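**Student:** Chains as they are written, first to last, in our numbering: chain H, 262 to 398; chain Z, 262 to 398.
Simulated from the structure, these hints should not be mistaken for lab results. One thing to keep in mind: the hints can contain errors.
All copies of an identical chain are treated as equivalent in the list; a pair is satisfied when it fits inside any one copy or across any two copies.
[As the list claims (entries may be wrong)] The calculated lysine-lysine pairs, modelled on DSSO-like cross-linking and capped at a C-alpha distance of 27 Å, are:
| no. | residue 1 | residue 2 |
| --- | --- | --- |
| 1 | LYS332 | LYS351 |
| 2 | LYS332 | LYS312 |
| 3 | LYS366 | LYS284 |
| 4 | LYS331 | LYS264 |
| 5 | LYS380 | LYS312 |
| 6 | LYS351 | LYS331 |
| 7 | LYS354 | LYS284 |
| 8 | LYS332 | LYS380 |
| 9 | LYS380 | LYS331 |
None of the values given here were measured: they were computed from a predicted structure.
Number of protein chains: 2
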Amino acid sequence: MRKIEHIGIAVNSLANSVPLFEKLLGIPCYKTESVEGERVNTAFFRTGENKIELLESMDPDGVIARFIEKKGEGIHHIAFDVEDIEAEMKRLKAEGFVLLNETPKQGADNKIVCFLHPKHTNGVLIELCSTNGANGL
Amino acid sequence: MRKIEHIGIAVNSLANSVPLFEKLLGIPCYKTESVEGERVNTAFFRTGENKIELLESMDPDGVIARFIEKKGEGIHHIAFDVEDIEAEMKRLKAEGFVLLNETPKQGADNKIVCFLHPKHTNGVLIELCSTNGANGL
Chain H
262 MRKIEHIGIA VNSLANSVPL FEKLLGIPCY KTESVEGERV NTAFFRTGEN
312 KIELLESMDP DGVIARFIEK KGEGIHHIAF DVEDIEAEMK RLKAEGFVLL
362 NETPKQGADN KIVCFLHPKH TNGVLIELCS TNGANGL
Chain Z
262 MRKIEHIGIA VNSLANSVPL FEKLLGIPCY KTESVEGERV NTAFFRTGEN
312 KIELLESMDP DGVIARFIEK KGEGIHHIAF DVEDIEAEMK RLKAEGFVLL
362 NETPKQGADN KIVCFLHPKH TNGVLIELCS TNGANGL
C-alpha cells in the first residue's frame, strides 16, 4: 500500500454532482470516463496526491445504484495504490482478508483493481489498484 | 482545500481495529489520542501524504456510537487541509454549503476544525482542518 490513490463517491447524477464538487473543492473536474464492465460513469478531481472519483450508475440495478438505494449517496470506497497488485492480494489473503475478485480486473483510469470484502475491513470497501501494464499485465 | 489531510473511520473498538488496520496497511499505528470535547478516542496511521484516523466513541450515545448504530462501522468523514480555515468557511458558505459549526473548534491532532452538513455534499461529511495556531488562533 503505497498511498491512497483515490476516494470513490457514489452519486445519483454526475450532472448535478460535478458542479457541486467543483464548488466544494474549488477546482475543475479534469476527466470523465465510462467503465462498461462496471456499468458506471465516473468523473475525476485531483487534490494533492489523491483523486476524488465520482461514480454514477448506468443502470437502475447497477452496483452503485444498489449502494445508494441501501445507504444513500456518499463515500463508496477507498482505493490504495499498490506496486505489485498480485503480491499485495496474496499478502492480504494470507492475513485473513477476503478478496472480492481473485484475479485483478479492469477499472477506470487505466488501472487494474481488486476489492476487499468490507465485512473484514470495518465496513470500509477497500480497492487495491495498480496502473495497467505496470506488472507486465 | 490544499489536500486530503485524513480520512476518519468509525469503529466499535480501537483494541480490535488498530491491529486490523496495521495488517491491512502493513504499517504500525503511530499515535493514539483522546479528544474529550468530541468524546472520542482516536488512532492514527500515515499513508502517503494522508492520515487514516480511527474513531471510537467514549460513550454509548456519542456521535460516533450513534453513527455506527445507524450506518454500521465505516468511513465517517473526509478532512481537507486548508490554509486559512475562516476564509474557506466564508467561501463555502457563500457557495451555499452549510457549516455545522460557525466558528472553528478544537479537533484531534492539534487541529482546529469545521464540518459541513452532508445534506449539501452528496452525503459526504466534510471536515475542514487547519493546524492550531497557523492563523494566529
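**Student:** With reference to the structure, classify each hint as holding or not holding.
**Tutor:** Each hint, compared with the structure:
no.: 1; hint: LYS332 with LYS351; in the structure: neither (31 Å within a copy, 30 Å between copies)
no.: 2; hint: LYS332 with LYS312; in the structure: both (23 Å within a copy, 25 Å between copies)
no.: 3; hint: LYS366 with LYS284; in the structure: between (33 Å within a copy, 23 Å between copies)
no.: 4; hint: LYS331 with LYS264; in the structure: neither (29 Å within a copy, 30 Å between copies)
no.: 5; hint: LYS380 with LYS312; in the structure: both (25 Å within a copy, 22 Å between copies)
no.: 6; hint: LYS351 with LYS331; in the structure: neither (31 Å within a copy, 34 Å between copies)
no.: 7; hint: LYS354 with LYS284; in the structure: between (40 Å within a copy, 11 Å between copies)
no.: 8; hint: LYS332 with LYS380; in the structure: both (15 Å within a copy, 13 Å between copies)
no.: 9; hint: LYS380 with LYS331; in the structure: both (16 Å within a copy, 16 Å between copies)
Violated hints for the displayed structure, listed by number in ascending order: 1, 4 and 6.
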